[in-house]
Amino acid sequence: MAEVFQLRIALHENIVKPTIWRMVQMEADRSLLDLHLLIQAAMGWENGHLYAFYEPGSHTGYTDMLLMEGDPDFEDGAKVKLRDVLKKVGNKLIYEYDFGDSWQHTVRLQSVLPMPLGFQAGCTDGARNCPPEDCGGIYSYMDIVEAFQTPKNPAAKEYKEWLGESYKPEKFSVSEANKRYKSFASFNEAPIPGLNSQNTMDWLTAAFLQSPDLQKQLGRVSVIGKILALKITVVGTKPEISRVVQIESSMSLRNAMKVFRASFGWHDEYTEMGYYVTINGDKWGKNSLFGGWYTAEILKKIPSRLYDDSKIKLNEFLTETGTAVNCNMPLFAWKFRIKCEEILEKDKKNTRYPVCVQAKGSVPEQPTNLVVLQMWG
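In this text, residue positions in the sequence shown follow this note's numbering: the first is 8, and each later residue adds one.
These aren't lab readings, by the way, just hints derived from the structure by calculation.
BS3-like mimics (lysine-lysine), calculated; alpha carbons at most 30 angstroms apart, straight line:
#1 K342 <-> K320
#2 K175 <-> K186
#3 K186 <-> K167
#4 K94 <-> K189
#5 K346 <-> K265
#6 K178 <-> K189
#7 K178 <-> K164
#8 K320 <-> K265
#9 K318 <-> K233
#10 K346 <-> K290
#11 K99 <-> K86
#12 K290 <-> K186
#13 K24 <-> K164
#14 K233 <-> K367
#15 K290 <-> K320
Using the sequences provided together with the hints, build the complete structure.
And the structure:
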């Protein structure tokens, strides 16, 4: 008879009190890769980091080997069924998510149930909200909770400005967890038959040559290894205030923003927090606690979900001459237009990229409200 495993998942159960926990149900014959997605959805994680399952006393982890290929410390979790590692009620696994923050979950088999007709895996119960992604680990999370409990704590305002008023450490919804799971499960498409690490590049090359749409999506290949001449213009000012910088196309958006700010003579302590760049309708900005934050008022003006600007390179969206994106620095109501003016070969004699090659107009030594700038200018 087909069986369903009822599993209790607890996050750092010996440290966090009251416990952050979830109860989930999944077919016993499903893989650890499937369980990974269910845990992500049930807990409220964003599935943006590496993970591994460990049996007690073992140093060998089960994970997605497409991400950890060749590492002798890991085995393929897609080939391991739940019943292979959880053989009786009371057995447990350790699930680690994000090897940097090291979120440790205890996954314990609570009961084995007969599978009812029409069964669907999902979350059935739980308590307390998941920690914010990339907040620095369990002890940083505990600082956040303490700040929320003591509003007069000087850190409370900063945490709330970063997380927004909607984040509640005690809030949890089973229905929202299952909505996330349906989204994760539908995105986890079946692998392409015969595709492996040896022939992946051949397959991508063939697909690229045969698909105009894919060619457009992968247009960045034409600028990889090149130098981009980018013009950064302050929108809404007369006379024009702009800079032209030559910059390596492989630079991340986050580092490029530092270059752009430096070209205007601004220091990061004035401008590092609170900006986003609109790329194909998505907002890319600093979204980690120690890398940047947004005030509650500003969060009302931009989407609640921001994509990490350290994970996108210039050559992923500035793929040809004339392409441009908009940048907003909402703390000061500044708007910029970033346009690719020219694509250049690297000058082997000039190894000091990035470099500012043209400047028009001047700005205050530190950014102020744009309206004030217009009066000042």
